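*Asks:* Residue-level listing of the chains:
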Amino acid sequence: MAEVQNSNPTILNVADLPTRTRSTIKAGDYHSGIFAAVPNPADFLSSDSEDDDLLEEPIDEQEIYDLIKSISDPEHPLSLGELAVVSLPDIFIKPTLPNVSDSPLQTVIVLITPTITHCSLATVIGLGVRVRLEQSLPPRFRVDVRIKEGTHSTGDEVNKQLGDKERVAAALENGALMQVITKMMETCQ
Amino acid sequence: MSALQTFMLVVDNDKDEAKSIAASVAQDLESKKTTLIDIVRQLGEYINDEDPILRGKAISFLTAVIKALPPRFLSRQQIQVLTTFFGDRIEDGGAVAGLDRLQGLERFNKELAIETAQALFGNFQDLQSRSQTQRFQVYQLLNELMSRHREALREMGDESLMGIVDLMTGEKDPRNLMMVFSILKVVMMEWDVTNHAELLFDSVYNYFPITFRPPPNDPYGITAQDLKGRLQDCISASRHFAPHAIPSLLDKLDSTSPNVKKDALNALIACIHSYDPDTVSRYSITIWEVLKFEILNAQEEFLSESSLEALSGIAKRLSEGVTEVSSDLPLAQYLRPITQECNEQLQEPQQKQAKPAQQILSSLSSSSAVAFTIIVQSVVAPIFTIYQEADGIVKQRALLETLAVLFQSATQVFGQWTTRGGEVAQANPLVEFKDQFSDVLGQALMGSAKDEVSFRVTALKGFLRLSTLRDFFQENEIGLFVQYLDEILLTEESVGRDDLKKEAIAALAEISKHKPRLIMDITFPAFVATLPDEDDGTDSTYLSTLDTLAQISVERDIFETLFRRLFSKLSILLQKEQPGSAAYPRAILVTLLYVMQQRQMDADPNVDLYFDKIVVGLCQSVAESASGQGKNRLLNDPTILDTLGRLCNLLVRAVSVQKQEQAAQNVYSLFSTGGFVPVPFSEGASADQERTIIISTYLLAGLSKECVNLIPNTSPDMSGLLSDLVKRSVSDNAEPATHNAFLHHLALLVNKFLSKQDLKIAENLFDSLVSPEGLTFTPATIRTIFWLSKALVLRLSPSTTHILTSLMGLLSSPDQQTSHSTARGFSILLGDDDVLSAANGATIRMLSKQRVFTTVIPLISSRIRDVNIAGNDDSTPTTSSDHIKPAHLTALAGILSTISTALVMPELPTLLPLLLQSLDLQTSDSVAVRAATLDTLAVIIRDNGVTTIDKCGHVHSLVQRLLKTTVARPGSGVVNPPRLRVDSLKCLYLLATRQTSGESGNAKIPPAISPLLPEKAQVLRSLRAVLDDPKRDVRKAAVDASSAWFRGVDDVPEEDD
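Line order of the protein sequences matches chains B and C. Sequence positions in the first sequence follow full-length UniProt numbering and run 1 to 189. Sequence positions in the second sequence follow full-length UniProt numbering and run 1 to 1057.
Please note that the accuracy of each hint is not assured.
Computed list of lysine to aspartate or glutamate pairs in EDC-like fashion (alpha-carbon distance at most 16 Å, straight line) [said to hold, decoys possible]:
hint, chain 1, residue 1, chain 2, residue 2
1, C, K1031, B, E56
2, C, K1036, B, E63
3, C, K1036, B, E61
4, C, K395, B, E56
5, C, K569, C, D533
FRET-style restraints, in silico, Cβ to Cβ [what the hints assert, rightly or not]:
hint, chain 1, residue 1, chain 2, residue 2, range
6, C, D158, B, N8, 28 to 38 Å
7, B, A176, C, V939, 55 to 65 Å
8, C, D158, B, A176, 40 to 50 Å
9, C, Q816, B, P95, 47 to 57 Å
10, B, R20, C, N476, 36 to 46 Å
11, B, N8, C, P913, 55 to 65 Å
Simulated from the structure, these hints should not be mistaken for laboratory data. Please read all numbers here as calculations on a predicted model, not as lab measurements. We put the beta carbon where it would ideally sit given N, CA and C, even for glycine.
Pulled out of the complex, with its shape left as it was, chain B reads as follows (with noise of 0.2 Å):
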């Protein structure tokens, strides 16, 4: 890894990428800006109700897209969000047994996409991806993570490795390997 393969890449502006809006702010409750600095006496009076506690917040691709964007690239001090390497449209969430209506079971798809075709660090990047997924998702998803197709001469080579849970397992146990993944990771929050 000692020569940088891309030097020069793209680079997407950190306040560009796609983010969550809260759709909840109701209307008519302007408390922002110089309104929130003095208390209005009725909020003494009113404790904060919970109301919305029942509502779930079931785990979407942009939960998913938040979970890896921070992820650091290996060769640059820039995430993976900025490099564009995973980007929103790229995740899907689908349920693994399609017909079996009750399942919880859930897959995850992430694509991912190399600066350049010919990135040999595509491999590491990808499991990077999976374990910063398995270790944040519930038990009952599956993850998948391949390369984008079209965008890597050896693309099919790096998914058989990622796909292939034997080899990635094995992958994980090399202490080298692990130690540039735990690297990449720090910069999660």
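Use these hints to put chain C onto chain B, whose structure you have.
*Replies:* What follows is chain C alone, placed relative to chain B:
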């Protein structure tokens, strides 16, 4: 025995005795009982002895005698003789010290200095084999000669230069090196070094890079940085070193150690600052060629920063004395390859390498006006070309960012509108492109798609920079920008996080500092025109308009306009029969309040006007409304009264003594001219009338203590007034806001205005409130008791302990309701309050918090222990005392939430079990207690690390309870709302990330097994389930916590690594 012999006997063991012997001999000399010749003759016996120790002692005797003589005693001739004598025997101990003394005498002349120096150079070839102290003495002598007789040494020329270098060559001791470096620096700067530049340079450069690390507990306190600093001063001392220094330092940049590179860069910067511009120019391009690599392929941030500093340093030096730009300038030649490189990198400005190119442009263009001009001339036109041809908005934004970098530099070089002085003679080269900038930025800001927020924000920031740049835009051009901003704020829909609007407001606020007139002429009319006459409930966009107005009106002139406009809006509203919702007038008042809080009102010349309009005028209207004479009921609304009260409070604090006295007399009558009955002592007051106490309370809070005698109803003492307030406070039928005001009013009077002699009145009131023991207390009574206690405890009245124990008694009341209300009251005791605050001049003693804490905690702790023991004894716990434990834990949480952890830490072993028991509470009404407990725990862990918990031996219990609180759907009767789940996950996260306490700075603790390790497996297993929590925030916290445990909690560190 002669004095000499006694001296030689004792000198090793008794320094003082030796000193006094020498002193008495010196006295004999002074009184002419003996002569110098005699003393020297006495020495004769020993100074040719074989034994160097003996010789040394003999010489030391002479030195000691000379030291004891008054400074003007020795004649020139005697000094000469002694100098020669010491010089001949310079290798013997004591001689150097003797010379040191002699050279300090007034009659010591140039020739003697030369003689001494020659003696030093001639006889110390073996200096480095001597002890550190001896070497130190020699350097000390040299140093003294350097400072007193520099002229003489300099005249020796090469002889002294070579001599000094020879003397110190091979020195290794840091203490000595500190002195050596400073001696050499003088030589380098003041001697003619042309013939010996390399020799001198090598003599110091041999020490580069300095790798010295001071030993632990170093008594001399010399750091590597001290040595580096002095060495750097030497390297940069003379321009004749340049041919040696610059190539060598650049070579060092090939080192793999970032520290060496850093030292080399720092030395290089020092050289650039100190060598003359011609020399710097000779090496400028070479330096660029090398440093380019450090910046474009930044290894470490600080290396790239230092490299940039070096480059801009060169530009600064080369700009010295340059007034006219031409392509023959050394500066222009230096900048040519640099701008070329940057232009190349900026061809694809969205790529990674463009960032360093921007940094290079930024630091070089800000170095001087000339450099700025040269760079602008070669960079701006190409940027425009790329911009026109750019195929995407990403690329365009990156280019705008690059331009913004140049605008920033322009601001540094040419100043802002508000900058005083420092005018630059040079014309701003950006002026040539002014119209282009205006077009491109205006187009980007207003002409691009509304959802391209970050692109528009970049354009906005660029436009703002140019608008504040001194003597750049015309008024009307800035006016155009202001119009754009108004349009964005008034007509555009919100997009995403509203970044653009936030930036627009900030930009208007910034412009208001530079060009207030534009804001008043353009923005104000536009914004005020959109304010409605009343809020009919259909549209509340006025809130954001007022918000913006508030933020741009901090400047004095603008505030005046704002006040006039809003006050007239408000006056019209108050006169309306149907004024609509109270939210609108309240928002107007909040707006005024916000701006006044931002400004120094007591320095505002108009403060009296504001006082008359708001405090006098509106209070009168309040009184009218309270007695039913208002046009509408706006001023009967408690939220409006509260906001108005805050405004009055702020103004009363800011006005003169006379005005304050006026306010004091009208605290209750509210400046009314008739018809209004003040609240105190009024029988059967209506709710409207009682509500005016809200205003009275805020007025009272703003008064200074000196006004106490002017407050009505306080003479001969306050007992009547206080009793009346207590009577009203304990009554159950007051409205909440009014009740609150009564409590505050009571507390203010007792805390701030009640004299020390009269404290008894308040204490008696307290006793009468708590005395009917065994009875049940209403919540209103309990609140009154607590506010009265707060007032007394904060001023640490003598009855503090009595008060606190009485409160504890109420807490243990068998009546569940009483105990429950008391428990919740404890958070009032020390909680911060807007009215009873230091800003309002309340008496808040520093130690009051500590006092409450140390009094109450042991009581709570022992009471809980009692309950626990009783619970274990009885198989069927009596239901009557079931509430005691939760009540005490609630009280504890209330106190903990209001004091700093520094107070908590010493008591942690007592507290931690209590906190853990708080987490055991499971029902829904314990949520507040548990939340407060988790907050406290989080702070403890964050500040002190897991070791503190481990010391108390509670890691396992803590982790278990935290995990239990993370469960979303626990068994029946147990409630863990999302907030608690998130908080306990945060604690788990902090446990794993704060494993070592912060203070273990230099003393590295050997890696021990983490106390968390036994918990790791279970924590990770439990957290997997939490990862499926229905709430997103909880899942996020769970992810963070579990990855912290994955990474942070390790087995014993591997040895073979």
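*Asks:* For every hint, state whether the structure bears it out.
*Replies:* Hint check results:
With a C-alpha separation of about 6 Å, the suggested pairing of C:K1031 with B:E56 holds against the 16 Å cut-off. Straight-line distance between C-alpha atoms of C:K1036 and B:E63 comes to about 9 Å, which keeps the hinted pair within the 16 Å bound. With a C-alpha separation of about 14 Å, the suggested pair C:K1036 and B:E61 falls inside the 16 Å cut-off, and the hint holds. For the proposed pair C:K395 and B:E56, the alpha carbon gap of about 41 Å is over 16 Å, so the pair is violated.
As the CA atoms of C:K569 and C:D533 are separated by approximately 7 Å, the hinted pair is consistent with the 16 Å bound. Taking the beta carbon of each, C:D158 and B:N8 are about 55 Å apart, not inside 28 to 38 Å as hinted. Look at B:A176 against C:V939: about 39 Å separates their beta carbons, and that is not inside 55 to 65 Å. Range check, C:D158 to B:A176: about 60 Å between beta-carbon atoms, so the 40 to 50 Å window is missed.
The given range of 47 to 57 Å is respected by C:Q816 and B:P95, whose C-beta atoms sit roughly 51 Å from each other. Between B:R20 and C:N476 the beta carbons are some 42 Å apart, a value that agrees with the proposed interval 36 to 46 Å. For the hinted restraint 55 to 65 Å between B:N8 and C:P913, the CB-CB distance of approximately 59 Å keeps it satisfied.
Of the numbered hints stated above, those contradicted by the structure are hints 4, 6, 7 and 8, listed in ascending order.
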